[in-house]
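Top to bottom, those sequences are chains G and P. Be aware that the first sequence starts at 4, since it is given in my numbering, and climbs by one per residue. Be aware that the second sequence starts at 730, since it is given in my numbering, and climbs by one per residue.
Since the hints were made in silico from the structure, they are not lab data. Be careful, since some hints might not be right.
[To be verified] Under 10 angstroms between C-beta atoms, here's a sample of chain G residues computed to sit facing chain P:
id : residue
1  : Ala-117
2  : Leu-204
3  : Glu-214
4  : Val-216
5  : Ile-219
6  : Gln-227
Even glycine gets a Cβ: it sits at the ideal position worked out from N, Cα and C.
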Amino acid sequence: MPGSRALALTPDQTADPPAATDAQVSAPQAAAAQSAARGGLGRRLLRSKALPRLISPVILLAAWQAVSSAGLVSAAKLPPPTEVWSTAVSLATTTSAAYGSLGENMLVSLERVATGFAFGAIVALVVAITAGLSRLGENAVDPLMQMLRTLPLFGLIPVFIVWFGIGELPKILLIAIGVAIPLYLNTFAGIRNVDAKLAELGQVLHLSRRELVTQIVLPGALPQMLVGLRQSLGVGWLALVVAEQFNTNAGLGYMISQATQFSRNDVIFVALLVYCVLGLLTDALVRLLERRALSWRQSFVA
Amino acid sequence: MAAELRSVTTTGPVASVRGLSRSFGSRPVLADLDLDIAPGEFIALIGRSGSGKSTLLRALAGLDREVTGEVRVSGPTAMAFQEPRLVPWKRVRGNICLGLRTADPSAAADVALAEVGLTERAGAWPLTLSGGEAQRASLARALVREPRLLLLDEPFSALDALTRIAMHRLVLRLWTLHQPAVLLVTHDVDEALALADRVLVLTDGRIGYSYQVDVPRPRDGFRNRDLPDLITARADLLAELGVLMEGTR
Chain G
4 MPGSRALALT PDQTADPPAA TDAQVSAPQA AAAQSAARGG LGRRLLRSKA
54 LPRLISPVIL LAAWQAVSSA GLVSAAKLPP PTEVWSTAVS LATTTSAAYG
104 SLGENMLVSL ERVATGFAFG AIVALVVAIT AGLSRLGENA VDPLMQMLRT
154 LPLFGLIPVF IVWFGIGELP KILLIAIGVA IPLYLNTFAG IRNVDAKLAE
204 LGQVLHLSRR ELVTQIVLPG ALPQMLVGLR QSLGVGWLAL VVAEQFNTNA
254 GLGYMISQAT QFSRNDVIFV ALLVYCVLGL LTDALVRLLE RRALSWRQSF
304 VA
Chain P
730 MAAELRSVTT TGPVASVRGL SRSFGSRPVL ADLDLDIAPG EFIALIGRSG
780 SGKSTLLRAL AGLDREVTGE VRVSGPTAMA FQEPRLVPWK RVRGNICLGL
830 RTADPSAAAD VALAEVGLTE RAGAWPLTLS GGEAQRASLA RALVREPRLL
880 LLDEPFSALD ALTRIAMHRL VLRLWTLHQP AVLLVTHDVD EALALADRVL
930 VLTDGRIGYS YQVDVPRPRD GFRNRDLPDL ITARADLLAE LGVLMEGTR
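Next comes chain G alone, as it looks inside the complex (with noise of 0.2 angstroms):
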């Protein structure tokens, strides 16, 4: 499930190819596809994708109700989705004095999170291109990146602290790190793995450096790019839920260390909920670039 890659990953976990996942469509989930294809993407996105999806979700949330309303679990311990969603319903339309608002706390965690990635992947690109074309790159940047993922990415909270104080900076620099890392490494690889049968075809081309790198090694390594883009999201996510419980005063990190404080379970479980369909809707995000930039393969598993 999408949603549980998104706030699960950690760098050293290899996210599934586009391809593998696509070559899993089940038979209904196939015709459904091909009905929808007459229709506008919307629709067709809506059929052949989210409905089958949708199920397991709708089952445990089901689950999840009967078991509450069976008072099996007190409902401190595990409130019911429907006390959850009037909590979210409330937080979002009122600003309480304990909480702020809900959308301005999205707001916040948004920015940071929008920030920090931004910061990380145009720095880890830069990086893992300079690398993967030259030895030289190579050579000096890959033994620093590799450094930096053996690092534990929490670890360097209390150094950054120390460092930087209270404010944005650790914070984003600690999703930024979270984000580089990954993609670093995918767009390395894909870079280093893109066919040397096609390199010696640029040859015999006559192509120039510029077309061969543009034409040829770039679209190549893309595929791993944008699983590596996957992945640092999923990463970024996760950083900022860590960055965001320390020293804040907005976020939904924040949200979540106040009602801790209130034992307050409702609005934690309203935080993470909105972290998950945050998290969601980035890798849908995602998913559609790669729907959109690797159509050439789509057309072969289809």
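Assemble chain P onto chain G, guided by the hints.
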């Protein structure tokens, strides 16, 4: 552009190789090899596997920097590989245009695609092509560069028998049309005899045997069997390759 080059340099050979040697580790593959290719000449190069056929071809294409000796090629060279090597993320037309430096690459590509009968597949992704279609696209990509020397590295060996016959005819037609010199590497004696002006056998790192095919084309398919010259030539060539035919020797 290519036409001008052709007229300037028609006098000498298109390619001339002198004293070419290449070893892989301690094993010499090419040893002091000499070869001249005349303009417009169709040469088939056969040899046992590992005899250095592809090594020679790669040297002529400038892909092998470890060779010693002299390789001189005049005019543009193009190459088609055993696997079609189409760039999978470029549509067929984009593959033909790749690295093409003419005024209107797209128009040139369309002409080339029409010549190989792939006009309707111009917008297709390479991964959706059949083996024969992909190999035709690869030929179009080579020919659109108007080469004086066309290097073919076993381009038909992975195709089924019927497609291969169609490809033989296509190659002859394109060769007549564009008149490049062709060096075709193959391990198929019948293919060599059906297509080439001259069949060369590579043994011990040199051209060990050369056979001038003076039978007019077309000479493919069953017609081969009716031509006594070709039957003798076939037996001779196979003997050179170390395959003795029962009843012929």
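Hints, verified against the model:
1. Ala-117: violated (29 angstroms)
2. Leu-204: holds (5 angstroms)
3. Glu-214: holds (6 angstroms)
4. Val-216: violated (13 angstroms)
5. Ile-219: holds (7 angstroms)
6. Gln-227: violated (13 angstroms)
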